[in-house]
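Trainee: Generate coordinates for the entire structure from the input sequences, incorporating the hints supplied.
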Amino acid sequence: MERNNKIAIIGAKENILPFKAVGVHVFPVNHYFEAVEVLKKLARDYSVIFITEDLAAEINEILDRYRAKPYPVILPIPGAMGSTGYGMKNISHNVEKAIGLDILNIK
Amino acid sequence: MTRINVNPTRMELRRLKTRLKTAVRGHKLLKDKADETIRQFMLYIKENKRLREEMEKEVSSVMKSFLLASAVTSPQTMEEAVSMPGFSVDLDISTKNVMSVPVPVISIIPTEQKELYPYSFASVSSELDMSISNLSNVLVKLVKLAEVEKTCNMLADEIEKNRRRVNALEYVMIPQLKETIKYITMKLDENERGNITRLMKVKDMIEATAEKLRG
Chain A
1 MERNNKIAII GAKENILPFK AVGVHVFPVN HYFEAVEVLK KLARDYSVIF ITEDLAAEIN
61 EILDRYRAKP YPVILPIPGA MGSTGYGMKN ISHNVEKAIG LDILNIK
Chain B
1001 MTRINVNPTR MELRRLKTRL KTAVRGHKLL KDKADETIRQ FMLYIKENKR LREEMEKEVS
1061 SVMKSFLLAS AVTSPQTMEE AVSMPGFSVD LDISTKNVMS VPVPVISIIP TEQKELYPYS
1121 FASVSSELDM SISNLSNVLV KLVKLAEVEK TCNMLADEIE KNRRRVNALE YVMIPQLKET
1181 IKYITMKLDE NERGNITRLM KVKDMIEATA EKLRG
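Chains as they are written, first to last, in the working numbering: chain A, 1 to 107; chain B, 1001 to 1215.
Worth flagging that the hints you see were computed from the coordinates, not collected in a lab.
Among the hints, erroneous ones may be present.
The calculated PhoX-like cross-link candidates involving lysine-lysine, where the alpha carbons are at most 20 Å apart (straight line), are [unchecked claim]: (1) 1049/B / 89/A; (2) 1161/B / 1064/B; (3) 97/A / 1064/B; (4) 1046/B / 89/A; (5) 1144/B / 6/A; (6) 6/A / 69/A; (7) 1057/B / 97/A; (8) 1161/B / 1033/B; (9) 69/A / 41/A; (10) 1046/B / 97/A; (11) 69/A / 1161/B; (12) 6/A / 1141/B; (13) 1033/B / 97/A; (14) 1144/B / 1057/B; (15) 69/A / 97/A; (16) 69/A / 1057/B; (17) 1057/B / 89/A; (18) 1031/B / 69/A; (19) 1161/B / 97/A; (20) 89/A / 1033/B; (21) 13/A / 1096/B.
Predicted, not measured: the structure shown is a model, and the values here were computed from it.
Mentor: Right, dumping it as structure tokens:
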């Protein structure tokens, strides 16, 4: 398991283009099943993968598979439309799982 | 509670008593572990929430200024402008141990900033400069958030697993063992009493015969 120490980003082209300029490897996709294919390939090599929230919400089950191991780290980030609340929902889900009650009051 | 199906012997009793001792000890240890893991988790999750709120605000504003920039520039020029980045981000990745859960540690290896803007300023609008310089600042935060969020995920899983173990010990294992130990002790006592009565009876009979022979 040889990982390169790079960051990759998956998302719609217009959302992720600026990341290219700061040295992140960009993988534009048009549809979520394309995203699944790309993600599976990238998960073997990259240690950190950003994915736009709208895509992440579609392929939640696939993302669950990578949850148990420390790498790759898959991080949902908001797209051009602003945050959809997907990332925050994840946090409150974690709190609920661990404590049994969402005590941070995240909506 | 159901008891374990074993032979009521002294050997079995001894074995079960050791098992009970181990189970009680394990239960206590796991309970302590649960407390500590939750404490750690709370620290991380607060950090996670704070970072994510900040990050979402900043990334959204970057995206907005990028959209503005692409509105005034043609898509081709835009793509051309960012298509040859001057450098690529390098990460330093390792794992650390939080409550025996291996969690990721990630940091960006600082490279010499050669050229942040890989395009000529003549072709694109200044919004792009803004969004790119902001984005390169946010990137550090993004990487930190990636690390913290993953840690939270893994700790939450661990807490859940641990709770199952504690409950299994507390509500299944330990009562079962106690029940079985009680059953074996009773059975052995009963045998003992049976034995004593038999001896007394035999003694009486022997005495009666001796009396008859003498008399």
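Trainee: Each hint: holds or not?
Mentor: To see whether the hints hold, each was checked on the structure:
1. A C-alpha spacing of about 11 Å is found between residue 1049/B and residue 89/A, which places the hinted pair at or below 20 Å, so the restraint holds.
2. Note on residue 1161/B and residue 1064/B: the hinted pairing is violated, with a Cα-Cα distance of about 42 Å set against a maximum of 20 Å.
3. Between the alpha carbons of residue 97/A and residue 1064/B the distance comes to roughly 34 Å, so the proposed pair goes past 20 Å and is violated.
4. Note on residue 1046/B and residue 89/A: the hinted pairing holds, with a Cα-Cα distance of about 14 Å set against a maximum of 20 Å.
5. For a cut-off of 20 Å, the pair hint linking residue 1144/B to residue 6/A stands: about 14 Å separates their Cα positions.
6. In summary, the hint linking residue 6/A to residue 69/A is supported, as the alpha carbons are separated by about 18 Å, within the 20 Å threshold.
7. Among the hinted pairs, residue 1057/B with residue 97/A is inconsistent with the structure: their alpha-carbon atoms are about 26 Å apart, more than 20 Å.
8. Distance hint between residue 1161/B and residue 1033/B is fulfilled; the C-alpha atoms sit about 12 Å from each other, no more than 20 Å.
9. At roughly 16 Å between alpha-carbon atoms, residue 69/A and residue 41/A fall within 20 Å of each other, so this suggested pair holds.
10. Straight-line distance between C-alpha atoms of residue 1046/B and residue 97/A comes to about 15 Å, which keeps the hinted pair within the 20 Å bound.
11. For the suggested pair residue 69/A and residue 1161/B, the alpha carbons sit about 15 Å apart, so the restraint of at most 20 Å is met.
12. Straight-line distance between C-alpha atoms of residue 6/A and residue 1141/B comes to about 16 Å, which keeps the hinted pair within the 20 Å bound.
13. For the hint pairing residue 1033/B with residue 97/A, the CA-to-CA distance comes to about 17 Å; that is within 20 Å, so the pair holds.
14. For the hint pairing residue 1144/B with residue 1057/B, the CA-to-CA distance comes to about 16 Å; that is within 20 Å, so the pair holds.
15. Between residue 69/A and residue 97/A the alpha-carbon distance is near 18 Å, which keeps this suggested pair within the 20 Å criterion.
16. For a cut-off of 20 Å, the pair hint linking residue 69/A to residue 1057/B is broken: about 29 Å separates their Cα positions.
17. Restraint check for residue 1057/B and residue 89/A: the C-alpha separation of about 16 Å stays at or below 20 Å, so the hint holds.
18. For the hint pairing residue 1031/B with residue 69/A, the CA-to-CA distance comes to about 24 Å; that exceeds 20 Å, so the pair is violated.
19. Distance hint between residue 1161/B and residue 97/A is fulfilled; the C-alpha atoms sit about 10 Å from each other, no more than 20 Å.
20. Between residue 89/A and residue 1033/B the CA atoms are separated by roughly 27 Å; this puts the pair beyond 20 Å, and the hint is violated.
21. Of the pairs offered as hints, the one joining residue 13/A and residue 1096/B is violated, with about 35 Å between alpha carbons and a cut-off of 20 Å exceeded.
Consistency with the previously given hints fails for numbers 2, 3, 7, 16, 18, 20, 21, ordered from lowest to highest.
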